[in-house]
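Undergrad: Sequence:
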Amino acid sequence: MQHHISKEGFEKFKAEWESLKYTERPAMQKQVSDAAAEGDRSENAAYTFGRMRLREIDQRLRQLDKLLDGAQIVEAKAPADGSIRFGAKIQLKEEKTQKLKVYSIVGGEEIDPLQGKISMKSPLGTALLGKKTGEKISVQTPRGELTYVILEVLYP
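Residue numbers for the sequence shown follow the working numbering, so the first one is 1 and each next one is one higher.
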């Protein structure tokens, strides 16, 4: 299944995969092997923890394999008409509170609300796509409808 991802996001997930595969997993395998050599495995906490951690690492590696294999890397480029597209960084002002907010439009696997990275399929992402500087958008949230003015659209 194809899904959009930024080059930055792809590189981040690839680095995580490499770290898990070539650093963390071999270290955990050694720890499990050392703990197993100590004798009775049924009461060996290091062995039990190590096996559990290996399963977690293997599960994450499978997730990353699927994510990386199905990734369609999208280069963020400013369109000629100045509209908001995948990869854009947008500065918004909420009309009621006058608070400034900055969001980046990314793929679903890259979302990070604390870093202002929102999915292009989220309600806010969907409302922003195709809009331009100066336009207003309204988004329904659990706290009610919020209206934003688009102040600036930037591309890396």
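FYI, nobody ran anything at the bench for these hints, they're computed from the structure.
Because the structure is a prediction, the values reported are computed rather than measured.
One thing to keep in mind: the hints can contain errors.
[To be verified] FRET-style restraints, in silico, Cβ to Cβ:
(1) Gly116 to Gln72: 46 to 54 Å
(2) Lys77 to Glu16: 25 to 33 Å
(3) Glu56 to Lys14: 36 to 44 Å
(4) Asp34 to Lys77: 23 to 31 Å
(5) Thr133 to Gly108: 21 to 29 Å
(6) Thr126 to Arg62: 45 to 53 Å
[What the hints assert, rightly or not] Computed cross-link-like contacts, SDA-like style, restricted to lysine to any residue with a CA-CA straight-line distance of at most 25 Å:
(7) Lys93 to Gln72
(8) Lys66 to His4
(9) Lys14 to Met28
(10) Lys12 to Gly108
(11) Lys121 to Thr147
(12) Lys14 to Gln2
(13) Lys96 to Gly144
(14) Lys89 to Lys21
(15) Lys89 to Ile57
(16) Lys101 to Leu146
(17) Lys101 to Thr141
(18) Lys99 to Ala80
(19) Lys99 to Ile57
(20) Lys30 to Phe10
(21) Lys96 to Pro113
(22) Lys21 to Lys77
(23) Lys12 to Ser33
(24) Lys66 to Asp81
Just so it is clear, CB atoms sit at the ideal spot from N, CA and C, and this is done for glycine as well.
Undergrad: Which earlier hints turn out false for this structure, listed by number in ascending order?
TA: Going through the list in order, the structure violates hints 1, 3, 4, 6, 7, 14, 15, 18, 19, 20, 22, 23, 24 and respects the others.
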